[in-house]
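Protein chains in written order, with this note's numbering: chain A, 318 to 676; chain B, 60 to 365.
Bear in mind the hints are in silico, worked out from the structure with no lab data behind them.
Beta carbons: idealized from backbone N, C-alpha and C, even for Gly.
You may find that some hints are simply not true.
Some residues of chain B that are not near chain A, with every Cβ distance over 12 Å (derived) [what the hints assert, rightly or not]:
#, residue
1, THR69
2, ILE123
3, LEU139
4, VAL148
5, PHE157
6, LEU251
So these bits of chain A aren't anywhere near chain B, every CB distance computed over 12 Å [claimed, not checked]:
#, residue
7, ILE345
8, PHE564
9, PRO584
Mimicking SDA-like on lysine to any residue, the simulated pairs with C-alpha atoms at most 20 Å apart in a straight line are [to be verified]:
#, chain 1, residue 1, chain 2, residue 2
10, A, LYS356, B, GLY168
11, B, LYS359, A, ARG542
12, B, LYS359, A, PRO323
13, A, LYS661, B, PRO363
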Amino acid sequence: MIRLEPRRQHSQKMIYLSPLLAIVLTLISGAIIFAFMGKDPIEALYTFFIMPINNAYGVGELFVKATPLVIIAIGLAMGFRANVWNIGAEGQLTMGAIFGGGLALAFYDSTSVFLLPGMFVMAAIGGAFWGAIPAWLRTRFNANEILTSLMLTYVATLFLSYLVYGPWRNPEGFNFPESRAFPDAALLPIIYDGTRVHLGAIFALLIVAGGWVLLTKSVVGFQLRVVGQAPQAARHVGFRQKRMVWFTLLLSGGLSGLAGMFEVAGPIGQLQPSISPGYGFTAIIVAFLGRLHPIGILFAGLVMALTYLGGELAQIGLGLPSAVTGLFQGILLFFLLACDVLTKYRLRFGSVSKSGEPA
Amino acid sequence: MDWIVPLILTVITASTPLLLSATGELITEKSGVLNLGVEGMMLIGAITGFAVTVSTGSATLGIIAAAIAGMAIALIFAFLTLTLMANQVATGLALTIFGVGFSALVGSGFVGFAIEPLPSLHIPFISDIPVIGPILFGQDFLVYLSIFMVIASGWFLTRTRAGLILKAVGDSHDSAHAIGYNVIRIRYMATLFGGAMSGLAGAYLSLVYTPMWAENMTAGRGWIALALVVFATWRPGRLLAGAYMFGCISVLQLHAQSAGINVPSQFMSMLPYLATVIVLVIISSDVTKIRLNAPACIGKAFRPAQ
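Take the sequences, apply the hints, and build the full model.
See below:
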């Protein structure tokens with residue numbers, strides 16, 4: 318019989334070890350699943366996790382995929398710390414792409430250097446606007462932000478679909494549901510030749526640094542932690558829960574919007590019905606895997622980016638459906654949540670604790 | 060008036076999966092467990108039901124398998140949140156992400172298969188009565204089950220000892236534990252029941268509603284079911300009204316085009332999601348009502364004091 322015994326304080330060691338343990342367990346389950354599907358597990362794991370990054374272009378792709386994940390997860394983590402569950406990042410990403418991309422389309426023959434900065438601002442506004450709706454509904458009407466932010470994701474995706482099938486469809490195209498290609502002035506510059514790594518990657522690093530400062534050095538960061546861990550204490554001291562809801566949803570919405578604009582102004586280069594392979598949802602896992610901490614999120618973003626690349630290669634090389642990526646992501650989060658029990662509790666083997674033993 | 064019977068029939072078909080999964084989630088939440096993985100459990104039920112029906116040729120086996128698959132995946136959730144005391148919100152999200160991936164992986168081998176739709180009840184003469192015949196006596200088994208389960212849940216929660224214990228566990232797990240009830244075991248059972256019902260709801264989608272398998276075919280219905288539980292303020296009777304109201308909205312969206320309403324289809328497709336938001340806002344703004352009806356311990360981990 319295994320029992321859980323509470324630790325006096327959270328184990329610092331386990332906080333760092335549990336994500337690693339979860340990754341190892343996910344790899345083992347992955348090997349079993351591959352074997353079950355009739356593939357050589359070693360070869361499959363190699364194809365999935367090593368082959369994508371054994372050349373410079375592959376490493377570049379890793380950064381390309383990690384960029385939106387990290388940017389979104391930084392914002393989400395702030396909210397999760399304060400018990401604000403924004404799970405509609407995918408919708409905020411879409412609105413950011415629409416607002417930012419809309420500006421690029423409005424000035425499709427522009428060569429101005431101000432176009433790109435303008436798109437940054439518009440994208441952040443678009444994402445924050447889409448995050449503001451659940452914030453308003455929660456603070457004004459007490460409506461659960463989990464459900465409202467998720468419902469708004471469907472609305473945003475449908476809105477984008479309407480735009481690219483309708484008014485924003487490329488008038489000079491062949492009736493495909495896609496917008497004009499963005500002008501060069503609206504595209505993020507490539508920062509490393511021979512890859513697709515764009516300026517957004519630099520911004521992701523800046524956002525990580527900013528998130529770290531916000532969380533560890535600022536009063537707001539302190540409030541976030543208190544509101545999440547001890548809501549009653551926070552009320553006593555006079556921290557206002559409502560203000561935290563607004564702050565975290567506007568921040569995570571704005572960052573998600575920025576990530577969406579980086580996608581359409583980076584690897585994609587135009588608006589189309591589908592602009593994200595679920596980055597907004599995967600970023601939830603990134604936030605948890607990174608321990609809701611900006612530096613951890615940076616590493617977690619790279620790990621999760623690898624599952625996307627591995628999924629693509631497994632599709633080509635092994636004939637596996639790309640859905641394997643989602644399966645791995647889900648399993649990883651399961652193991653992570655299971656392993657986290659070790660930060661708060663000690664495993665004890667044996668049925669009854671001896672009397673006098675310190676708990 | 061020829062169109063009215065088919066219209067009502069489509070409303071019933073659209074409402075049944077919502078009603079099934081929302082009834083299950085209502086019982087789960089009444090025990091104090093918030094399982095946000097309804098969408099994932101429905102998808103796993105949908106692919107399991109479809110795959111088993113295609114492989115065995117028996118829709119009955121498919122439905123049973125879907126319920127079992129829903130329970131199996133709910134068991135993972137229960138183990139993580141009840142035994143390992145993991146955060147229920149995060150685990151529910153994990154369940155949905157896992158369900159999307161798992162169902163798509165298994166389902167990739169079943170795209171494009173066709174099946175015989177579930178047989179409908181047919182009582183000679185009675186089912187042939189105009190209007191009420193096909194509506195009341197011409198449905199498939201799961202429609203009757205969904206109505207039966209929602210009524211049975213209402214009766215269970217208010218009229219049976221077990222139901223009162225379940226509510227006690229959800230409202231104050233410490234007191235329930237002190238009296239001697241096994242909080243964890245009761246929550247396990249309520250969570251598994253929710254999983255089975257979501258599995259059935261998924262099977263209804265893939266075996267009756269479409270009937271076929273498509274990736275992500277639940278399209279947010281699991282989340283709408285979660286919202287319906289709040290809409291119903293945790294009372295089964297209102298769940299019935301809510302599920303059928305949403306059924307009407309989603310059918311309205313399908314029929315608006317043919318009725319000559321000239322609105323882009325994407326805006327019509329937004330209706331169920333926008334309606335969910337509006338309904339949530341209306342119900343949630345009455346804070347006292349929510350506080351009176353919501354299980355007080357919802358989402359909170361329980362660890363018996365030693």
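Structure versus earlier hints, numbers of those that do not hold, lowest first:
Per hint list: 3, 4 and 5 violated.
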